[in-house]
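Position chain Y against the provided structure of chain G, taking the given hints into account.
Chain by chain, the residues:
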Amino acid sequence: MSNILKVFNFTFSQLLKRKSNIITFIIMALIMALGLPIASLFLDGTSSGVIEIGSEALTIQEYLDKGAANFETEYAVQYGYSVFLMMVTIIAASYIIRAIVEEKTSKLVETLLVSIKSKDMILGKIFAVMVYVLIWLGALFTIFKSSQFVSGKLFDLGVVDELIKNKGISLDILNLGFETVVVIAVSFVLAYLFFAMLYALAGAGCSSTEDIESASSAGTFSILIGYFATTILLPIGSKGIVYATSLIPIISAFGAPINFIMNKIGWGTLAVSWLIQALMIFLLYKFSVSVYDALILYKGKRLKLGDIIALSERKGK
Amino acid sequence: MGLIVKNLFKKYGEKVVVDNLSFQMDRPGVYALLGTNGAGKTTSIRMMLDMLSKDGGEVLWDGKPLSVETCNVGYLAEERGLYPKYTLMDQLIYFAALKGISKDEAKKKIAYLAKRLDAEEYLFPEKFQETSGENSLLDGKKSPLKLKKSVKAPKAKLADQLSKGNQQKIQMMVALMSDPELIILDEPLSGLDPVNTDIFKSVIKEEIEKGKYIIMSSHQMATVEEFCTDITILDRSKSVLQGNLNEIKKSYGRVNLMLKIEGDEEPKEEILGLGGQILNKKGNEYHIKVRDENHGNGILKTLLDKGFTIINFTLREPSLHEIFIEKVGEIHE
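Here the protein sequences come in this chain order: G and Y.
Here the first sequence stands for residues 179 to 495, numbered as in the working numbering.
Here the second sequence stands for residues 1172 to 1504, numbered as in the working numbering.
The shape of chain Y in the complex, shown without the other chains:
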């Protein structure tokens, strides 16, 4: 089983929007499709899912053209949308039915995913309803006019009554309900608060552990870095960097030096004199770009010799964010 995307090409008039994109997933994991705004990420995804006509290329799943018949795909679209005036439960059962899931089975899956995504309040409002008993007008005293609060069954929630983040949870449920083989998440964490971001991340991790093939498109590099094994970076329709993330990082080497110095003395001159590039300074913490590990160790030795007290010294590979900025920035220069 595996996904092969070969020479995807799309143009509108004379403008090429996706220029011969190719990549493949031979094993389960997360493949990150990254890029600047308008680079062609969503267009590529839509072509892969056959929602947009391709002007060239093919997409194969398990050796056959990817389609609703050959692959069970779960898709969280970039554009959030639900039927605004239908109940959430009706919609979820409908989407489940389209995937061939019976109503009873769908209800079980909905209950499970609602709990995982902390969306039970919207799907099962009766569980969260406060019931009240007798209510007397006179505090603590019995009154002939005992008023009973009527306990009304809470109305089922409609999609347009939910916030954007909560609608996103429902859409995530739609994407995962059928236990898909291939999951495509287009900006899954955009617009989410930190709590819901963590919830989504844990759900994505669960899918990874189940051995799913996941394609994730995002601008949040730090988050993508947590999950992805392989990446493609797109810029202005073209692929500018592609491959296994660890190997890409290794190819850059450990060129990021994080230094924390005790005291008020600033080692700026010394660092610059040794050819280091100070990328960022926060108080007495320095983020320095070096040529390689030896260069970094050389700077450390020189600073120690000059009497600086080093509290923290870390040599690390560049982050995905840094690689992205450098790669895309390089092209635009």
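Chain G with its partners taken away, still in its complex shape:
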């Protein structure tokens, strides 16, 4: 069994056993299970029934029946995906950075390095956290859908659908077929790996738990750049903005898949976006490993980026 898989197994099993994770999952599961039925009891799905576009006043149904992806739907989908990606990456980031730093702070690094290479350690941890987070999300989604099914038998859930419709959002226009699922899945994995490598790099530069917060700020800032860029630039809607949000690293993690789903870019642009992201992931991975190796036994104040780059370029490692 490769060492990456061994690190994966151990990290994953410890994530499952951690009490704080179990408690958080139970709380989230309760929210997923009870959120919808509670919402249906208290929310008011009524509205004025009219949307004004310029001098034209349309009923909700007329607006939705226009058949093309409208601004509200685009914004809702982009916003929803960006929030989802931001939440997942920030949650995963805290696990990743702690997993990378814990061997250093526990003074275990030397014991481990006679058995395993540092690159295998980093990759094993990143994949373990990814699978853990995906299983977590999958379980929560299953609980939500089960709740939706059961609640549908007991309560009137139509008020929630009405509420969404009255905001001019029609998820019916989305083609949630196999192609869309593949695009979202691949984009999500690439986005996760990109930010995971950023946090791995941040963790590699830490020598104590006190450094984690300041080290992770760069990664968190990058995530927020992607989130805000896509949600703020979307209303501009120009072709230049579409390609920028599909191709510029960090922003493309948030923008490319949604631009594809909304038929603003084709497979060619999406493939280029994925290639750029994959290249960035590879470069970040190599840099993280060299920084980790260079600083593996370093104990001291947090180094500046220039010092880290200089150290990682040392010959012999």
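Calculated from the structure, these hints are not laboratory results.
Please note that the accuracy of each hint is not assured.
To be verified - Just a few of them, taken from the derived set where beta-carbon distance is under 10 Å, the chain Y residues facing chain G:
no.	residue
1	1194
2	1246
3	1342
4	1357
To be verified - Straight-line Cα separation of at most 27 Å, BS3-like style, residue types lysine-lysine; simulated pairs:
no.	chain 1	residue 1	chain 2	residue 2
5	Y	1256	G	295
6	Y	1235	Y	1381
7	Y	1274	G	297
8	Y	1453	Y	1439
Think of the CB as a built atom: it goes at the ideal place given N, C-alpha and C, for glycine as much as any other residue.
Just chain Y, lined up with the frame of chain G:
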């Protein structure tokens, strides 16, 4: 099979921390890497294990560069560390897995080493759990309120619940679990009480008998002397003495005279007059430095002629501690 360390060199900025260290182990046994604080022992070990980049030199095992692929190394680091919040068993099985040992095989090895290192209490707490039966409120009398003590399964121990010495035992288990070819022990006995020191020593002896290549770094000269066949003494990055310990001692000759005199008379003047150097006096026991065996025998003859009653007379080679002090002290003068 053998280990060759050739011209290891390391510097930080302008400061040289390891200056062309070379040695080799052609046969199984214990090689001692000794030195003053900051001499470069741990840095040398880390370079040998490729944890620190080398600025020069190479390390070969069986003719190939030493790495996780070419050699099964067991390493007890100077800095003690375990995952503080994971169970001991989980950690040991993980470290075993990294060495390619299956879970079942790992459990057997853990059980064996736990017994050898007297660590069973921490790894198998259920074996040491006291079970209790019914407990009556009224001594000896039957009570309608018979209270049964619930027998809870003992919780698995976490590493941060153990003392430093016991954590060291667990780390020793990690180092030995994979039956390594090369064992590197960096200060293995530091911080241990006398009982655990003896336990560790017996485990090390067992590994020696199995024909392992062991490199030991330590400040405890008396302990190192029990095991090591060859030594390198480092001082301020340089090797100041190297070779087979017995031959080094022979080269010094039998220059330590241990003398025990009966009675209250002190032979100080006589010893000093004959050119002996009194290194230590404890009651009527004297530790005297002499030039060679003949000198020592000469002092004995003179004291006997002068009527002193000699209870004990021993001429011996210097201890490793004495050699170390003399060598390092010589350089610092």
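Consistency of the hints with the structure:
1. For residue 1194 of chain Y, the interface hint is violated, the least distance from its beta-carbon to any beta-carbon of chain G being 20 Å, above 10 Å.
2. Because the smallest distance between the Cβ of residue 1246 of chain Y and any Cβ of chain G comes to about 5 Å, under 10 Å, the interface hint for this residue holds.
3. Hint status for residue 1342 of chain Y: holds, given a least beta-carbon distance of 7 Å to chain G, under 10 Å.
4. The restraint placing residue 1357 of chain Y at the interface with chain G holds, with a minimum CB-CB distance near 9 Å, inside the 10 Å limit.
5. Proposed proximity of residue 1256 of chain Y and residue 295 of chain G is supported: the alpha carbons are some 23 Å apart, at most 27 Å.
6. Among the hinted pairs, residue 1235 of chain Y with residue 1381 of chain Y is consistent with the structure: their alpha-carbon atoms are about 23 Å apart, no more than 27 Å.
7. Simply put, residue 1274 of chain Y and residue 297 of chain G have alpha-carbon atoms about 24 Å apart, close enough for the 27 Å limit, and the pair holds.
8. For the proposed pair residue 1453 of chain Y and residue 1439 of chain Y, the alpha carbon gap of about 13 Å is at most 27 Å, so the pair holds.
In the structure shown, a violation is registered for the earlier hint numbered 1 alone.
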